[in-house]
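Q: These are the residues of each chain, in order.
Number of protein chains: 2
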Amino acid sequence: MPREITAFSNPLVKRVRSLREKRHRREEGLFLAEGLRILAEAEEVGILPLYLFFAADSAEHPLVRRLVAAVENSGGEAIQTSRDILHKLSGKDNPQTVIGVYRQFDTALSRIDRSAADIWIVAQSLRDPGNLGTILRTGDAVGAGGLILVDDCVDPFSVEAVRATMGALFTQKIAAARWPEFLSWLRSGPGQLVGTSLKATHDYRAPRYETPTFILVGNEAQGLPAEYEAECDLLVKMPMLGRADSLNAAVATSVMAYEVLNQRRPL
Amino acid sequence: MPREITAFSNPLVKRVRSLREKRHRREEGLFLAEGLRILAEAEEVGILPLYLFFAADSAEHPLVRRLVAAVENSGGEAIQTSRDILHKLSGKDNPQTVIGVYRQFDTALSRIDRSAADIWIVAQSLRDPGNLGTILRTGDAVGAGGLILVDDCVDPFSVEAVRATMGALFTQKIAAARWPEFLSWLRSGPGQLVGTSLKATHDYRAPRYETPTFILVGNEAQGLPAEYEAECDLLVKMPMLGRADSLNAAVATSVMAYEVLNQRRPL
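As you go down the protein sequences, you meet chains A and B in turn. The first sequence begins at 246 in the numbering used here and counts up one residue at a time. The second sequence begins at 246 in the numbering used here and counts up one residue at a time.
Chain A extracted, bound-state conformation (with noise of 0.2 Å):
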């Protein structure tokens, strides 16, 4: 039987508010996601939050049904409360009917298995939410096996990244790393290293790439750094017929990664 908390001084919703910072995030390897969607979409890949709250106007929706089935039966929480507190966890104005509490996936780069897919994306110093989201949406689409964060990226726990994922960090792998770390893991076995630059004289679409591609994208308002696109394998560029110097970094990101699939597929 699901719990009913009314009181905005109830320790856990005051513990559960603080998942928004970062710094409370890091303490208590949780985050939270929002939404029947994304939720629904985490729970058909078989990941069930700790806590879930959910709206009492919403307690019959079969989605949430189901969802507070599968929380009580794997020992985490059900918890009914007011559309009230719902705003107050999410901080927004029109909340979602569900709010999942998760612990936070490991992000050691040794636990991702380059073989598991043709497609890696690697972010450097990726620092809007809405860009790390919309590029694991783009990873989902086009196959990718995940997102491998370098250096100092957004946190992708952020309510705002996880909202822009549309559920895509549930089934996307993602890891984080120093950039000497991750250059000395990619070189350890098999992968080319793509990185995109103004400086490329390659178009991105005259080589064919190898398998496991990596696309390497940098700071949106920086790019790469020289010396991290020296190391690359392979530099490209993308046609800029117009006045501006660059593509938004999820943009140029996910225009690489559908060409990078069309190579592989029949048409």
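Incorrect hints may appear among the rest.
As the list claims (entries may be wrong) - Pulled a few chain B residues facing chain A out of the computed Cβ check, cut under 7 Å: (1) G375; (2) K482; (3) L486.
Unchecked claim - Computed list of lysine-lysine pairs in DSS-like fashion (alpha-carbon distance at most 30 Å, straight line): (4) K482(B) x K482(A); (5) K482(B) x K418(A); (6) K482(B) x K418(B); (7) K418(A) x K444(B); (8) K333(B) x K337(A); (9) K333(A) x K337(B); (10) K259(A) x K337(B); (11) K267(A) x K337(A).
It should be emphasised that the hints constitute simulated quantities derived from the structure, not laboratory data. Backbone N, C-alpha and C define an ideal beta-carbon position, used for all residues, glycine too.
Position chain B against the provided structure of chain A, taking the given hints into account.
A: Frame of chain A; chain B shown alone:
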């Protein structure tokens, strides 16, 4: 000679600050753009602000001096001010060194000359300013003519949208119309309307696109209404190998736009 404003209570400061709200932007027919890069981009294509605010400590920067001279020559006003006031105007913790107040462009559909470009992007009920800006930026890159906003889209002159365009707002045409008006304009001349849709049977790389191609993208959450899809000359889809059923709207638009461009350029 630039005048100097140091008082928060200055009426022009208050007026400019109010342009962060859509209602005031509409009443005044003005909008804000921030940052040397974007303002210099605008100047290069001959668009100057009516008012140019710049930080006193940036007055000797060559680009700032050039902008100040250009604004004053054109009859606009250059105003030297403090970082604190720039912060107040922009709402950002780290404000840019320059903020320009521009006259909104005429967004009448009749101002669009479709023969000016081979690609046009049409967005229906697009709600996210970041997506709108990102799409304009991609439009610039693929040599599109501009963006036609159909139905209730986010304001292209919002501070967030302008920021996300990275200057492409000044190089791409913008129009706004309701669907029936757009459709009647579209059918009054040449052009193929191509929608991206989950219901499509054509892979997006299969058709040879006709010129000009109008790429139609739907609302972030809902996609295109069925009756809008029915009006398309062609519905296409991108392969989706994962669990998600859609891409970010700006990503889908960009992947499509590069495909249309790629069909028309030698590798």
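Q: If a hint holds in the structure, say so; if it doesn't, say that too.
A: We went through each hint and held it up to the structure:
1. The interface hint given for G375(B) holds, since its Cβ lies 6 Å from the closest Cβ of chain A, which is under the 7 Å cut-off.
2. Using the Cβ-Cβ criterion of 7 Å, the hint placing K482(B) at the interface with chain A is not satisfied: the shortest such distance is roughly 11 Å.
3. This hint holds: L486(B) has a C-beta 4 Å from the nearest C-beta of chain A, less than the 7 Å allowed.
4. Annotation: proposed proximity of K482(B) to K482(A) holds, straight-line Cα distance about 25 Å (limit 30 Å).
5. For the proposed pair K482(B) and K418(A), the alpha carbon gap of about 25 Å is at most 30 Å, so the pair holds.
6. Only pairs whose Cα atoms come within 30 Å are accepted, and K482(B) paired with K418(B) is accepted, the gap being roughly 26 Å.
7. With a C-alpha separation of about 29 Å, the suggested pairing of K418(A) with K444(B) holds against the 30 Å cut-off.
8. A C-alpha spacing of about 25 Å is found between K333(B) and K337(A), which places the hinted pair at or below 30 Å, so the restraint holds.
9. Restraint check for K333(A) and K337(B): satisfied, since their Cα atoms lie roughly 25 Å apart, inside the 30 Å limit.
10. Taking the CA atoms of K259(A) and K337(B), the gap is near 29 Å; set against the 30 Å cutoff, the hint holds.
11. Restraint check for K267(A) and K337(A): satisfied, since their Cα atoms lie roughly 18 Å apart, inside the 30 Å limit.
Hint check: a violation occurs at hint 2 only; the rest are consistent with the structure.
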